[in-house]
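With full-length UniProt numbering applied, the sequence shown has no gaps in its numbers, which climb one by one up to 428 at the end.
Don't read these hints as lab results, they were simulated from the structure. Hints may be right or wrong, so weigh each one.
Quick list of in silico lysine-lysine cross-link-like pairs, DSSO-like style, CA-CA up to 27 Å [unchecked claim]: (1) 315 to 294; (2) 21 to 148; (3) 138 to 171; (4) 314 to 289; (5) 413 to 350; (6) 165 to 148; (7) 413 to 315; (8) 294 to 69; (9) 161 to 132.
Pairwise CB distance ranges, derived in the manner of DEER restraints [unchecked claim]: (10) 54 to 168: 22 to 32 Å; (11) 50 to 368: 48 to 58 Å; (12) 46 to 179: 28 to 38 Å; (13) 306 to 54: 49 to 59 Å; (14) 50 to 176: 23 to 33 Å.
The beta-carbon is built from N, C-alpha and C at its ideal position, and this holds for glycine as well.
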Amino acid sequence: MASDSKAAGNAVTREIESRIKQIPEHLFEVFLEIREPIEDEIPAILLKYPENFPDEHLKTVTNFAYPCKMPSDEQSEHFAFVILDSTGTLFRFGYCRRSNRESTCLCIISFYPWFEVFYKILNDLSQVIVSKPTADVKQLLSSLYNYKLLSIEEFHENEGKEEVKINILSKNFNYTRPDPRKLPSMLSNRNFSVMVSRLGPELMLCLFSHLLFERRILFVSSKLFHLTACAYGCLHLIHPMHWQSIFLPILPASMTWTTQCSTPYIIGLHSSLFSTLTMDELGDVVIVKIDERKIESQYDDLSLFPKYLIRSMKKGIQQSSQLAGDHLARVFLRAMAFTVGNYANGFDIKNDKLDFDRERYLESYLGSHVHTFMSAVANTQMFEQFSRYRTHAQLERETDIDEFDLEVRNLQKLQQSKKVNIIANCAS
């Protein structure tokens, strides 16, 4: 649970709240070609770029690249892990392409959460490594590493469009920069679409309730790609809030003790490692068994949700099967607009400065049937950081209107029109 927001510390910026570095210096931090270990040996690094990347970080990376022993007949796959930056707060994403044919894993570490882009880059690099000399591989890596992206402001001015184009080795390499302001769709977001196909909307609704109350959530699967997709994909369900606790979408064998932590977490664990755990030591963890398409939990968190919110979400989920685009993601965004859209009710002036007061925020729900639900959400670490960032944005006059803000406005208009109709009916 979060500490009292009255005791506000340093300002929470967009970077701090999202845990995503806003202006990385390079497209990626390091590329590695890692040989698959034999028995218990340490995975060997065959190629590193840039060569001056500090070696002290590489052991951690190789452990995540080969988190467990994989069957020799297992198909090649993409997956992604997370390691923290030097501050211990921001995410660095480890994108991997494991190939049984070459017995290697290609890995790119980057601050950018661009899954489709880096999976495509890894595919291209795989072909170049097989067909070209090392000097050509490094030439492509150098072009990618030093590529100058548009600034965030320039990207927005260009309507959220940018093509990363590299013409080298007698070939054009093109990658489309994603727009983080857009909601995930079944066609554009691989993690989200795979999560939907593996879990289904009904299980996603149950998962959403556990996420909102910051439970300990353990994903289990025999496919690293499915672990990646579900662990990352579920973060879209709680947008615009961001998970603030332990986040390990791929957990290596050397870190299985983490599953016993008492703090909230999202962890992805290969089924071969899950079978070695003692269930009594896990405690009240929510287990999402992806391969079996089921969730095991002692919590009935959905029962705490307002009934009309659940009805609305189920109706939207049913309609989403007939509608394309971002409709399913928008169902959850509307639920978040209902849940935390009134955050401005907690704004308070203290010592001539704007602050957020959680007690003031919850006062507006006193006596309401949703007070228990709203109180549970307001006492999470996610809401703590969300409210502090929104306070900071108000102070700094950050005026960017995103999809969440639009849904909040639509909800407020709908609620206002209902009030007008009630008054009109009473007067007639």
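Results for each hint:
Taking the CA atoms of residue 315 and residue 294, the gap is about 21 Å. The hint holds against a cut of 27 Å. Between residue 21 and residue 148, the direct Cα distance comes to roughly 16 Å. Compliance with the 27 Å bound is thereby established for this hinted pair. Proposed proximity of residue 138 and residue 171 is supported: the alpha carbons are some 15 Å apart, at most 27 Å. About 22 Å separates the Cα atoms of residue 314 and residue 289, which keeps this hinted pair within 27 Å; it holds.
Annotation: proposed proximity of residue 413 to residue 350 is violated, straight-line Cα distance about 30 Å (limit 27 Å). Proximity of residue 165 to residue 148 is assessed by CA-CA distance (about 11 Å); at most 27 Å being required, the pair is judged to hold. Proximity of residue 413 to residue 315 is assessed by CA-CA distance (about 20 Å); at most 27 Å being required, the pair is judged to hold. Simply put, residue 294 and residue 69 have alpha-carbon atoms about 25 Å apart, close enough for the 27 Å limit, and the pair holds.
Taken as a hint, the residue 161 and residue 132 pair is broken in the structure, with Cα atoms around 32 Å apart against an allowance of 27 Å. Range check, residue 54 to residue 168: about 27 Å between beta-carbon atoms, so the 22 to 32 Å window is met. Checked against the hint of 48 to 58 Å, the C-beta distance between residue 50 and residue 368 comes to roughly 57 Å, which is consistent with it. Hint check: residue 46 to residue 179, Cβ distance near 35 Å, so the stated range 28 to 38 Å holds.
Between residue 306 and residue 54 the beta carbons are some 50 Å apart, a value that agrees with the proposed interval 49 to 59 Å. Residue 50 and residue 176 have their C-beta atoms about 25 Å apart, which keeps the hinted 23 to 33 Å range intact.
Hint check: violations occur at hints 5 and 9; the rest are consistent with the structure.
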